[in-house]
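**Student:** Sequence lines, in order, name chains A and B. Counting with my numbering, you get residues 1 to 481 for the letters of the first sequence. Counting with my numbering, you get residues 1 to 481 for the letters of the second sequence.
Please note: incorrect hints may appear among the correct ones.
What the hints assert, rightly or not - Coverage of chain B stretches by chain A, computed from C-beta distances (three or more under 8 Å per stretch; other residues unrestricted):
1. 181–195
2. 202–211
3. 365–371
No wet-lab data here; the hints were simulated from the structure. Yeah, the Cβ is synthetic: ideal placement off N, Cα and C, and Gly gets one too.
The primary structure of each chain is shown beneath.
Number of protein chains: 2
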Amino acid sequence: MEKTFHMTSQQFRDAGKQLIDWLADYYEQVERYPVLAQVTPGEIRTSLPSEPPASGTDTQRIIQELDSKILPGITHWQSPNFFAYFPANASEPSVLGDLVSSGLGVQGMLWATSPSCTEVEMQVLDWLAKMLALPEAFLSSGSGGGVIQDSASSSSLCAILAARERATGFRSNEDGCREELIAYTSTQAHSSIEKDVKVAGIGRRNLRLIDVDADFAMRPELLEKSIEEDERARKLPFFVCATVGTTSSLAFDPLEAIGRICKKHKLWLHVDAAMAGTAALCPEFRQIQRGLELADSYCFDAHKWMFTNFDCSCFFVADRATLTRTLDVLPEYLRNQAAASDVVFEYRNWHVPLGRRFRALKLWFVIRHYGVEGLQFHVRRHVELAQTFLRWVREDSRFELMAPAPLNLICFRLKGADQMNEELLRRLNRSGKLYLSHTRLNGKFTIRFCVAQTRTELQHVQQAWDAIRKEAESLLAVAHP
Amino acid sequence: MEKTFHMTSQQFRDAGKQLIDWLADYYEQVERYPVLAQVTPGEIRTSLPSEPPASGTDTQRIIQELDSKILPGITHWQSPNFFAYFPANASEPSVLGDLVSSGLGVQGMLWATSPSCTEVEMQVLDWLAKMLALPEAFLSSGSGGGVIQDSASSSSLCAILAARERATGFRSNEDGCREELIAYTSTQAHSSIEKDVKVAGIGRRNLRLIDVDADFAMRPELLEKSIEEDERARKLPFFVCATVGTTSSLAFDPLEAIGRICKKHKLWLHVDAAMAGTAALCPEFRQIQRGLELADSYCFDAHKWMFTNFDCSCFFVADRATLTRTLDVLPEYLRNQAAASDVVFEYRNWHVPLGRRFRALKLWFVIRHYGVEGLQFHVRRHVELAQTFLRWVREDSRFELMAPAPLNLICFRLKGADQMNEELLRRLNRSGKLYLSHTRLNGKFTIRFCVAQTRTELQHVQQAWDAIRKEAESLLAVAHP
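Take the sequences, apply the hints, and build the full model.
**Tutor:** Encoded structure:
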């Protein structure tokens with residue numbers, strides 16, 4: 001038989017099952033690895049051949065190299081001792097759903113190119129809107145609907161683009177950005193808003209960073225003042241991004257007040273709830289999104305805190321016609337009968353890329369596996385664990401809290417110099433026992449502790465606190481011997 | 001023991017292995033399904049519950065529903081009888097690499113957040129540059145380098161943004177698009193260029209669609225004329241997208257002539273080789289990219305014709321500093337020591353999204369499994385099969401060829417009315433035996449036949465041709481009884 005270089009069906013079955021076990025073993029043993037990869041820049045790369053392989057190799061060797069060459073350079077986001085940044089918590093059902101998506105390898109660029117890819121996405125995003133008690137307008141049965149994007153950066157870019165076109169009567173798409181469009185967000189908003197504003201041709205000097213109150217929430221009176229100044233200067237205010245849970249400290253902008261200002265001045269309100277949005281699965285946390293009915297668009301990342309592996313940013317709009325008119329292009333080679341239908345969405349007009357994989361499948365696996373009650377259980381547990389940690393920090397007078405912490409992110413620091421806190425963070429991360437990240441609040445270097453990993457339990461939070469106290473003691477002993 | 005709702009390790013092992021077998025069986029049986037899903041709009045959706053599930057369900061039930069509810073709405077991109085659009089050919093090694101990526105669930109937004117994610121990507125894209133014999137400048141050892149994007153649309157958007165900033169001295173990022181920037185591409189370019197130009201705030205009226213020659217390739221003399229007219233009108237020409245293998249008919253723009261014009265007038269040249277780029281794995285096809293050393297950026301999609309499942313668009317730039325300066329934002333919470341290093345890239349500055357999954361892993365699996373020779377083998381085979389089909393069309397006087405077909409796409413039609421060709425296409429696709437798509441060339445409805453599926457063999461091309469002839473005969477019998 002002629003050599004085809006393909007993997008045979010039997011080889012795929014064997015290697016696939018081996019890799020399923022490899023992953024299951026990995027999850028069981030993940031605590032053995034240092035959470036933060038302990039390699040130096042360039043170390044992984046130089047371990048790989050500089051020339052591409054002329055011939056193929058067997059799968060066993062590839063898996064061996066996965067262990068020996070790739071794994072040492074992995075920072076373990078799925079470790080229960082990962083408390084850095086925001087989480088990207090995966091789960092077994094999600095990984096399985098994604099496996100099927102990779103394997104089917106369909107393109108959902110048009111409804112016709114895989115109807116399930118479009119329709120499961122429509123349905124699952126409607127489920128999510130109901131699970132989170134989002135306003136009715138965000139449902140596909142109304143004037144809006146949801147779509148999966150790769151990241152919150154891309155979701156907010158699409159919001160900005162739709163807002164830009166609504167404000168300019170779709171002239172920006174035609175002639176380019178000719179008016180002085182002005183966008184607003186708080187000083188605490190995610191950096192992607194600045195990036196998006198640059199991408200969209202608006203220019204970052206036309207992004208106003210509104211100051212925040214003592215809780216790091218946007219001050220609506222300053223927002224309105226800024227809008228009115230710009231209006232008087234004959235500029236064109238068009239867009240506000242409010243944040244439900246800022247990256248830095250999980251601050252919550254007052255949506256109702258901001259929303260009323262947006263309505264009054266006819267600005268598009270986008271609400272970025274990238275991580276915290278998931279909390280609204282639980283009725284007791286839904287106050288974070290009070291006022292959301294005033295928003296034009298909303299985004300939260302199921303790939304952050306909802307057990308769904310990246311990428312799965314869920315973006316909802318109240319008026320889909322504006323979004324799709326903004327992003328529509330229809331060349332001959334994409335024309336098809338179903339596109340004319342009103343029953344189904346053509347999702348290629350909901351984001352920048354044309355191609356799209358079947359990402360709804362992993363979300364469907366997750367929601368079907370956990371059910372609403374399972375997801376609520378874990379969100380509540382994470383918040384409870386974070387609140388336990390918060391109590392410990394409060395009870396230890398050597399530490400200070402730097403921001404309100406109503407959910408699962410605690411911002412704290414050792415009372416004392418920034419340098420000592422930087423050293424504390426460095427030592428903890430270098431230990432490999434846990435991984436934390438930092439921010440700067442009121443000018444002070446602040447440590448962030450975020451609880452949302454799939455397998456994080458009380459013992460991990462306890463171990464983390466023990467490690468933090470121990471390193472703090474050793475640092476304080478040197479500072480005040 | 002308390003109920004945790006998580007899948008246990010054993011359940012994951014069992015269900016994972018079951019789904020590996022499910023996929024292996026699917027590949028073995030894929031020809032049994034109609035290639036194009038035979039459902040009506042809304043059919044899949046209404047088969048799913050309208051309310052989200054309050055409680056979870058067991059994995060067996062989820063897999064059953066995958067079969068009974070999802071699969072009927074799948075258009076089978078991995079079928080060897082898929083000849084539509086461009087392919088999205090996956091392979092077993094790719095699916096396995098992607099499984100590991102889903103499972104590890106790392107974020108490569110910074111080098112530090114998983115060094116392997118950055119370094120394997122740098123290395124594998126350098127491998128690819130060598131495998132394709134791309135110009136040295138596109139290697140990371142030079143001034144450039146490669147990055148994986150989700151799609152060619154996003155790659156060309158980044159090219160346009162970098163070009164926009166280079167042309168305006170980075171003032172567009174600061175102040176917004178204030179100058180009348182003009183972009184150029186051919187009438188045959190992919191629709192994403194128009195979309196990108198709108199996204200970037202340039203406006204589609206400032207995109208010039210240059211006419212093509214009889215082979216559908218851009219006419220460089222018309223390009224230069226158009227640039228000079230715009231220069232005389234005090235506009236700012238800044239960007240040209242040349243296509244190596246257009247979507248419509250796989251036409252090849254003359255890169256050398258276009259490149260010389262771009263150098264002379266100081267325009268950024270982006271080369272979009274989304275599908276055809278893969279052909280350059282074989283030295284005998286490399287003439288398609290002659291002149292590429294004059295380009296500023298280049299893109300081809302490994303997820304189209306290189307056995308790597310979506311998403312994996314490979315984007316190369318000759319001057320990475322301009323790209324990263326265009327897309328850089330650095331808030332406090334992303335600062336870290338390694339970022340200051342010269343040894344590694346910070347890929348978050350190479351595209352719009354901040355988050356990024358470990359996509360290089362599937363590419364690494366594919367290249368390690370097939371080796372250069374295995375990939376060359378399949379590209380050559382696909383071209384050979386397409387050329388066989390081409391010969392059959394040529395030898396049948398009832399059909400006409402509509403465009404040159406040097407590689408793996410054949411554009412043809414029945415001599416006669418558009419309506420008859422539309423009906424031919426409709427009947428073929430409705431039969432479920434094969435899937436073809438269409439375009440319009442010289443005003444005529446044209447059928448596209450693209451050979452690039454992983455498992456397409458001579459028998460499938462033969463069956464396709466038989467089906468086409470049979471349907472054509474029946475249509476012609478009615479037209480000329």
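**Student:** Next step is simple, just say for each hint if it's right about the structure.
**Tutor:** So, going through the hints one by one against the coordinates:
1. Counting residues of the stretch 181–195 of chain B whose beta carbon lies closer than 8 Å to any beta carbon of chain A gives 6, which reaches the threshold of three, so the coverage claim holds.
2. Counting residues of the stretch 202–211 of chain B whose C-beta lies closer than 8 Å to any C-beta of chain A gives 5; at least three are required, and the coverage claim holds.
3. Judged by the Cβ-Cβ criterion of 8 Å, the stretch 365–371 of chain B is covered by chain A as claimed, because 6 of its residues qualify and three suffice.
Violated hints for the displayed structure: none, as all numbered hints are satisfied.
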